[in-house]
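Undergrad: Chains as they are written, first to last, in this note's numbering: chain P, 1 to 233; chain R, 1 to 469.
Derived from the structure by calculation, the hints contain no laboratory data. Heads up, some of the hints might be wrong.
Here are the computed lysine to aspartate or glutamate pairs in the EDC-like style, where the Cα-Cα straight-line distance is at most 20 Å [claimed, not checked]:
1. R:Lys-369 / P:Asp-50
2. P:Lys-205 / R:Glu-340
3. P:Lys-205 / R:Glu-235
4. P:Lys-22 / P:Asp-62
Among the chain P residues that face chain R by a calculated CB cut under 10 Å, a handful are [unchecked claim]:
5. Ala-21
6. Ala-23
7. Ala-27
8. Leu-85
9. Arg-91
10. Tyr-107
11. Trp-184
12. His-187
13. Phe-188
14. Asp-189
15. Arg-216
16. Val-218
17. Arg-219
18. Gly-220
19. Met-224
The beta-carbon is built from N, C-alpha and C at its ideal position, and this holds for glycine as well.
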Amino acid sequence: MVTRMKILIIEDDLEAAAYLAKAFREAGIVSDHASDGESGLFMASENSYDVLVIDRMLPRRDGLSVISELRRKGVHTPVLILSALGQVDDRVTGLRAGGDDYLPKPYAFNELLARVEVLGRRKGAPEQDMVYRVGDLELDRLSHTVRRQGRELLLQPREFRLLEYLMKNAGQVVTRTMLLENVWDYHFDPQTNVIDVHVSRLRAKIEKDFDQPLLRTVRGAGYMIKEDGRTDA
Amino acid sequence: MNRLRVLFRTTAVRLSALYLLLFALCAAFLVFYVTGMSQRLLEQQTKDAVATEVAQIEQIYSRAGVNGLLRTLERRARQPGANLYVIAGPTGEILAGNVASLQPGLLDKEGWTGESFRYQRYTDESRKEEHVALAHVLVLDNGLRILVGRDLQEPEKFKMLVRQALVVALGIMGIGALIIWFAIGRNALKRMDRMSDASTRIMAGDLSQRLPMSGSGDEFDRLSESLNAMLGRIEKLNEGLRQVSDNIAHDLKTPLTRLRNKAEAALAHKATNSGYRASLEEIIGESDQLIRTFNALLMISRVEAGAAAAEMSDVNLSQSVADCVELYEPVADEQALNLEADVPDDIHISGNRELIGQALGNLIDNAIKYADSAANPMIKVSLVRRDGAIVLSVADHGPGVPTNKRDDVVERFVRLDESRSKPGTGLGLSLVEAVMEMHQGSLELSDTVPDVENNRGLTASMVFPLRSA
């Protein structure tokens, strides 16, 4: 049984924190809040959380130092860094300090939610699985083959990786930026709807000739692969 | 007076004062040493001459007795430039000789008078003159005392002359130095004043001012030159900043206004739930565009400030280009454009993969955006080595950019399409240029097909200098 995810938000902007807590609660995630680095560090080391959402600039102890201190103490809870700084170099310093993901402000809540859920890893396939299955769709990571209803589908290498990432996080929303980051390893803004076009090509390959849709578009958020249809969002 | 004090505080004056003092001390030491030495030498000579004469006198006395001695001495005393001769009685009264008076007590002791002494001499004109001399006193067995001496006037005079010359020379040097200090110092001060006047004007906000140059190419000029170059750079940056803030004002205020209008409109109309929803979605869309513009601006300024320069590593450019082309290929395909890549294997450079990817993405995105009216629906991405550089270019067959607009389009927020009908931030090429500058390379724009009237196309080339290593 899947327990509810519990996260800690370390953010000094009280209004933003209250908004986040409310939005996460609506998404079924319980959150605690700390408003400065020191108390955040204390709470994160004393309690057990699934994900820590840490603002980069905090009073009393800055976000990066909270992360390094936690890692030094052996606390390996996944960390998502929120930052109002630039993207180019800041991401690298953030991840180097021990963060697992990075989201520049301002962000869409859907983006944050999708990332927190992926970091929490309460859904989707376990890392060690060699074969991912969603309904009648099967992806073999070793032989690099994709079958649906036993029929092999021919995918381009990039389409394979796209599907692999979607299936690894099956049942979870993945955003366009997450796809660009994880499938293409780029963190920039592609300006146009490049990802959508790739996804629709992939969708054509895995859904054409089959009745049951698998890959659905979640409005205002991204994509999700799930067994039963494209019905709701 | 105040000005003199300022003058004295100049480095040139202080240094030359120090040199002058050192030089004067050395000169004085040298002069005193040389004169002292020559005086001692002359005294020694004098002593030798006197000793010889004394020996002769003793000889004459033993041969010709008192009378003979007296005669000889009389004769010698009268010769011009003669030595000093005194014949005195046992009590010291002068009996004969060419000396009018002596320092008292001089004749009491036999032998050298020791220190030089003062005496007065008979001259032909019977004029009494004070003289300085060195002498030897001889006591005869009959109690007579004979003094033989030699005038020290000449060496003494020589010494005085040299020392006087020293004083005069030092005086002239001092005055000369003062004049030169004044001239140099005043000149330096004047130029300094002019420079600080200019800097005051610059500080007051007139960045077009430059420091004065005399044209002599001296150290002041060189200083002015480099400071002027610095001012030029500051002026350019400032100009860029002003332009950027103007553009920001325009390009950020416009979508903000639209955003506000939409929100207002949504409130004003008695809309249904779904109507509100649609308005809110539009508003989010607008704000996303704003955020996108902000991010691009921030990124450009971070890249320009060199913040990302630390994150340079080995980049497989061939791979990056292939990835990027692969990323955009479906989008081009959707618009019936043919995105082709001509990329040789294994071209590596030292750079920032993210930024190069973003820059190339911007170029391909531009090509796709502006290629819809193209005669030849092809976009070609190629990677070649060309005289010591690696050139990554994206060539389209769209309307192209007129030669005189090429400098403008890389400026922030400049879009040739005045109506802004195409989506975009107007920052794409600015970012590419900033990225290329960070890689010590450049962005070159040219025609794809130069010899046609319309739709010459645009070839945007990212030129990376080859690693020297």
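Undergrad: Hint compliance check: list the failing hint numbers for this structure, sorted ascending.
TA: Result: hints 1, 2, 3, 4, 5, 6, 7, 15, 16 and 19 break, sorted rising.
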